[in-house]
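Chemist: Respectively, the protein sequence lines represent chains A and B.
Position one of the first sequence corresponds to residue 0 (numbering that gives the first Met the number 0), numbered consecutively onward.
Position one of the second sequence corresponds to residue 0 (numbering that gives the first Met the number 0), numbered consecutively onward.
Since the hints were derived computationally from the structure, they do not count as laboratory data.
Glycine residues also receive a C-beta, built at the ideal position from the N, C-alpha and C atoms.
Heads up, some of the hints might be wrong.
[Said to hold, decoys possible] Derived BS3-like pairs (lysine-lysine); straight-line CA-CA distance at most 27 angstroms:
(1) A:Lys432 / B:Lys164
(2) A:Lys93 / B:Lys128
(3) B:Lys2 / A:Lys2
(4) B:Lys2 / A:Lys128
(5) A:Lys427 / B:Lys427
(6) A:Lys254 / B:Lys378
(7) A:Lys2 / B:Lys450
(8) A:Lys378 / B:Lys164
(9) B:Lys201 / B:Lys432
(10) B:Lys427 / A:Lys8
(11) B:Lys450 / B:Lys378
(12) B:Lys18 / A:Lys164
(13) B:Lys378 / A:Lys128
[What the hints assert, rightly or not] Covered by chain B, according to a simulated footprint, are these stretches of chain A (three or more residues, beta-carbon under 8 angstroms):
(14) 6-18
(15) 67-81
(16) 387-398
[To be verified] Partial list, derived from the structure: chain A residues whose beta carbon lies under 7 angstroms from chain B:
(17) Asn35
(18) Asn108
(19) Gln169
(20) Tyr255
(21) Lys378
(22) Ile382
(23) Leu383
Protein chains: 2
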Amino acid sequence: MLKQPIPTKIYLSEEEMPKAWYNLRADMEKLPPLLNPKTRKPCTQEELEAIFSKGCVAQELNDTDRYISIPDDIRDFYTMYRPSPLVRAYWLEKALGTPAEIYYKSEGNNTSGSHKLNSAVAQAYYAKKEGITSLTTETGAGQWGTALSMACAFYNIDLTVYMVKVSSEQKPFRREVMRTYGANVIPSPSETTNIGREILKKHPGTGGSLGCAISEAVEVATSTPNCRYGLGSVLNHVLLHQSVIGLEAKIALEKYGVKPDIIIGCAGGGSNLGGLIAPFMGEKLRGEQDYRFIAVEPKSCPSLTRGKYVYDFGDTGRITPLMKMYTLGHDFIPSANHSGGLRYHGMNPVISALYDQGHMEATSVEQTRVFEAATLFAKTEGILPAPESSHAIRVAIDEALKCKESGEKKVILFGLTGTGYFDLTAYKNFNDKTMVDYVPTDEEIEQSLAKIQD
Amino acid sequence: MLKQPIPTKIYLSEEEMPKAWYNLRADMEKLPPLLNPKTRKPCTQEELEAIFSKGCVAQELNDTDRYISIPDDIRDFYTMYRPSPLVRAYWLEKALGTPAEIYYKSEGNNTSGSHKLNSAVAQAYYAKKEGITSLTTETGAGQWGTALSMACAFYNIDLTVYMVKVSSEQKPFRREVMRTYGANVIPSPSETTNIGREILKKHPGTGGSLGCAISEAVEVATSTPNCRYGLGSVLNHVLLHQSVIGLEAKIALEKYGVKPDIIIGCAGGGSNLGGLIAPFMGEKLRGEQDYRFIAVEPKSCPSLTRGKYVYDFGDTGRITPLMKMYTLGHDFIPSANHSGGLRYHGMNPVISALYDQGHMEATSVEQTRVFEAATLFAKTEGILPAPESSHAIRVAIDEALKCKESGEKKVILFGLTGTGYFDLTAYKNFNDKTMVDYVPTDEEIEQSLAKIQD
């Protein structure tokens, strides 16, 4: 809004962009290690390097260096769509009539439509550097698959995306974006892998699942020469790459002398939330500043708020390393919910530990309340938000309304992870008033948790 | 790209945003007036005010004031998504190996996905100011309907959008964005108007046309109290609003001492092209600078390159004022082409006159060559472009390749009007190699032109 001391959008210059990622683990208590699923002993570097690029494995295992340089080549790629704007939500504040100041870091201004590209480019870069000629991955909603397709097109790396079959049928447009970027998109389960063939034999006509798609992608990566696997969230190196979100937000706020009181992010696998809060949480852990952090998850998949902090598998197929994390159990099947990016049974280990140690809060919201917030945001701020991001919007609005009651002028920062241009089936559902809220019963969660072999 | 004298993206500050639109007509020879379709006499202000808001009519008729202030309220709204970035296409230049410098003004960073919002907000603002409580419009591809929905949601004006029936069936997601912004979207032809009912009686089961949707929207606007009609292109006040594109681009280039040699825009109704070139063309007309301007149209709908410069109707239903323009005839039905925004039989009168007077060039391109360019652009610059915008990309690439041959280091500026997130059926068609190029025969064009009663 014009004639305000703080502009509506704060853009950093390219020189002001972070030159290093911030590794939050360096300021945390040591995390429990990843465990080999067969031996239950800590995963070795070599074991991980059979799956991921060496560059990513080194970062996954690095819990001592506070800053890790961003290679020039990656920073170059970042200039294609970064720095992303930090937006002062003047119009939303006005619509709410709140004395609170609301800011959001807007990550959707690229064709993948989300923050996922921040890690995709890093994963493709290290692969290229190490002579890896092809990557595999899985995708559900399609944002991660699109992001990795864009990065692989840029670095001229072959990419095979196992897309959950039901998603590839429901979201043919997402599939088409990936194809335009040259990716080979295979509906999963497929006949191209042993695991896929087995599942198809047992469950002919199945629509697939993320767990199955992960299994297929990992099988191909580990059995093909010069091929590795890329993951879009959950792991700590992904969280590291996403720290660019929080670093940029912090620099932008500091330019105008603004300190947030509350920092809010939606939580699926945890990479966006972890990236957004990282540098602020670092200050809190070092005792330099205090902030309130709120993770927002869907009521239908409440890993932090109703899960258990134990070792569990990252996939339903039990082939990934075991992680100590908040989990609903690797067998948990979240009920139909339109936020595909938040339908994961577990949570990144860093976020899990921070929550367990009381450094942050978590809450869960119903999807109808999420879409109410999304619609208000679209009308006032002019951006149609992704359903995932709208979880953060919902809680930011709730906190701003509390300020309206109390008269407090708090500063709220939230992460707008992406746009909802490929989520219009969900919006239609909401506009038609046919949207239903799903909440798992205590019994369902207990049953799923009971299957974890702790 | 880092460490370059010119950043990848040039953003103006909010203070640097233009405070006035530039009215190119003030620097041109007088244009032939709009004619009343019944009397064939120049349209009076009163006649136009029955259809459009007074603010828009005043601008439509103003060919003397070189600058027209942008009201603060509109500039405020502009800060929601403007200034839009001027991007140096370093990656595309590198991929082409050209010595040319390529810049593009990127207008797709808002939920309407295009430049259309620049005029939508102005039209909604004047309506609100004059106590108009509802607007009607038509939409084909959906970008204009979305833009006006966003503006009307912001100003709390009721909006009815007549959407070409076949488009509303093929693009249910576009329809859903409009509904999310509160618009009443009616597939056209419909039972809600006399014209609609007549057409349905004559042609039951028809998929509709833009001409018919315009007729329905105008009928409702002129027969409902406090209701007016909004148009997304073709008219001169729309072109005026779009001058913000060229003004921002010029300020951004001048900050770095860059003068473009060639300015390229896609041409459908002409508003984006006219807005982009306006301030540069003004300099050329005043003899202050020289530039090459190139309008790019689809080979399937070549109004400038194969049409006639005569008075013609703006719609197939013959109810709009007559305009002196390049036209293929109001009965011309462009063959199936994926650039919905470029399927218009005529061309804005300003652009038509400039072309007729030799101040600019025009060329036409086949859609397969357009999608080749779009795909290269997506892979190198990270933005999936709209099919319409990709016409400009095609010719920018062709000009850059000529520079490669000649060794000339020309500066090329083109307009990237929007993103292609709702055009994935077209991309699928291209990826599947089933895309066909349609070019009307001389006979077809002659037959259509013969129906114009000059």
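Chemist: None of the hints should be skipped; say for each whether it holds.
Modeler: Now for the hints, and whether the structure bears them out:
1. A:Lys432 / B:Lys164: Distance ~23 angstroms between lysine 432 of chain A and lysine 164 of chain B Cα, so the pair holds.
2. A:Lys93 / B:Lys128: holds (20 angstroms)
3. B:Lys2 / A:Lys2: violated (33 angstroms)
4. B:Lys2 / A:Lys128: holds (22 angstroms)
5. A:Lys427 / B:Lys427: Status holds; Cα separation ~23 angstroms.
6. A:Lys254 / B:Lys378: violated (34 angstroms)
7. A:Lys2 / B:Lys450: Distance of about 54 angstroms is beyond 27 angstroms: violated.
8. A:Lys378 / B:Lys164: Holds: lysine 378 of chain A and lysine 164 of chain B sit about 26 angstroms apart, inside 27 angstroms.
9. B:Lys201 / B:Lys432: violated (37 angstroms)
10. B:Lys427 / A:Lys8: Violated - the C-alpha atoms of lysine 8 of chain A and lysine 427 of chain B are around 35 angstroms apart, more than 27 angstroms.
11. B:Lys450 / B:Lys378: violated (44 angstroms)
12. B:Lys18 / A:Lys164: Since the Cα atoms of lysine 18 of chain B and lysine 164 of chain A sit roughly 52 angstroms apart, the hinted pair is violated (cutoff 27 angstroms).
13. B:Lys378 / A:Lys128: Within the cut-off at roughly 20 angstroms; holds.
14. 6-18: Since three or more residues must qualify, the claim that chain B covers the region 6-18 of chain A holds, with 6 doing so at under 8 angstroms.
15. 67-81: holds (count 6)
16. 387-398: Violated: only 0 residues of the region 387-398 of chain A have a Cβ under 8 angstroms from chain B.
17. Asn35: violated (38 angstroms)
18. Asn108: Holds, because the Cβ-Cβ distance from asparagine 108 of chain A to chain B comes to roughly 6 angstroms (cut-off 7 angstroms).
19. Gln169: Glutamine 169 of chain A check fails; min Cβ-Cβ to chain B is 12 angstroms, beyond 7 angstroms.
20. Tyr255: violated (13 angstroms)
21. Lys378: Hint holds; lysine 378 of chain A Cβ to chain B Cβ min 5 angstroms, cut 7 angstroms.
22. Ile382: At about 6 angstroms, which falls below the 7 angstroms cut-off, the nearest Cβ of chain B leaves the hint on isoleucine 382 of chain A intact, so it holds.
23. Leu383: holds (5 angstroms)
Consistency note: the structure conflicts with the earlier hints numbered 3, 6, 7, 9, 10, 11, 12, 16, 17, 19, 20.
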